[in-house]
Structures are given as structure tokens and as C-alpha cells.
Amino acid sequence: GEGKKPACVEACPYEAKLFGDYEEMLKIGKERAEKLEGGLLVYPGETVVLYVLTRDQLNLLKAEYVLEEAYPSRSRSLMDLMKYSRIGAAVLFAGSIIYFVNWRKKRMSKISGGEG
8 GEGKKPACVE
18 ACPYEAKLFG
28 DYEEMLKIGK
38 ERAEKLEGGL
48 LVYPGETVVL
58 YVLTRDQLNL
68 LKAEYVLEEA
78 YPSRSRSLMD
88 LMKYSRIGAA
98 VLFAGSIIYF
108 VNWRKKRMSK
118 ISGGEG
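Here the sequence shown is numbered in our numbering, starting from 8 and rising by one per residue.
By construction, these hints were calculated from the structure, which means they are not laboratory data.
One thing to keep in mind: the hints can contain errors.
Claimed, not checked - Label-pair restraints from in silico Cβ distances:
hint: 1; residue 1: GLU9; residue 2: ILE104; range: 29 to 35 Å
hint: 2; residue 1: GLY10; residue 2: GLN64; range: 32 to 38 Å
hint: 3; residue 1: LEU25; residue 2: ASN66; range: 21 to 27 Å
hint: 4; residue 1: LYS34; residue 2: PHE107; range: 46 to 52 Å
hint: 5; residue 1: CYS15; residue 2: LEU43; range: 17 to 23 Å
hint: 6; residue 1: ILE104; residue 2: GLU38; range: 47 to 53 Å
hint: 7; residue 1: GLY27; residue 2: GLY95; range: 28 to 34 Å
The beta carbon of each residue, even a glycine, is placed where N, CA and C say it ideally should be.
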């Protein structure tokens with residue numbers, strides 16, 4: 008929360024690890040991949056990880072069938088589910104608060120009406 012970079016990024020003397028805005032990091036990653044005549048492997052999610060690969064590394068991954076799908080469908084559906092579950096949790100929480108406030112209001116009304 009203090010706007011500092013992670014320690015591993017600060018300590019890396021070769022600038023192999025970077026931390027920052029997604030668009031900025033993507034731009035830097037593409038530039039580095041272009042210099043290596045390689046490619047960029049992106050793992051999306053909560054924290055996006057970009058891997059800059061040489062052409063040989065990229066070919067090895069292709070040969071191992073690691074890069075068959077741009078993003079595996081199972082992982083994509085799990086990420087989507089996580090996103091929607093957060094929305095559902097927020098709605099459930101808000102509904103619980105509203106229910107409690109209404110319940111308390113009715114209870115206080117009953118108590119004050121019964122005593123008067």
C-alpha cells in the first residue's frame with residue numbers, strides 16, 4: 008500500500024524483474040522480446056506475469072505443446088468464476104446488511120409499541 012516496489016524488483020541488479028502499470032510493463036516486454044527476436048508469454052490473473060522469451064525458448068515451448076491455447080479454457084473459466092464470485096459475495100453482504108437493518112428497525116418498533 009505505500010507505493011513501493013517489491014523487494015525482489017528493487018534487489019535485481021539486471022532489471023530482470025520489473026513492477027508497474029500493466030500497459031507500461033507490456034510495452035517494455037514487447038520491446039525486449041523484439042530485441043531478442045523472441046516472444047512474450049503472458050499469464051493473466053490477479054497479478055499479471057510477463058515472460059520475455061528468446062526464439063529458442065519459444066520454440067521449445069511450442070514443441071512441448073505448452074502454447075496450444077492462448078489461455079487454457081479451464082483456467083479462463085476459473086478466473087471468470089472468481090470474478091463473478093466476488094460480485095456475488097458483495098451482493099450477499101449488502102443484502103445481509105439491509106436485512107439486518109430492517110429486522111432491527113421492526114424489532115425496535117415492536118418493543119417501543121408494546122411498552123407505550
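Checked hints:
1. Judged by the Cβ atoms, the range 29 to 35 Å given for GLU9 and ILE104 holds: they are separated by roughly 31 Å.
2. Taken as a hint, the range 32 to 38 Å holds for the pair GLY10 and GLN64, whose Cβ atoms sit roughly 33 Å apart.
3. The hinted window of 21 to 27 Å between LEU25 and ASN66 holds, with their beta carbons roughly 25 Å apart.
4. Checked against the hint of 46 to 52 Å, the pair LYS34 and PHE107 passes, with Cβ atoms roughly 48 Å apart.
5. For CYS15 and LEU43, the hinted distance range of 17 to 23 Å is satisfied, since their beta carbons lie about 22 Å from each other.
6. Distance hint for ILE104 and GLU38: a CB-CB separation of about 48 Å, consistent with the stated range 47 to 53 Å.
7. Taken as a hint, the range 28 to 34 Å holds for the pair GLY27 and GLY95, whose Cβ atoms sit roughly 31 Å apart.
When held up to the earlier numbered hints, the structure conflicts with none and fits them all.
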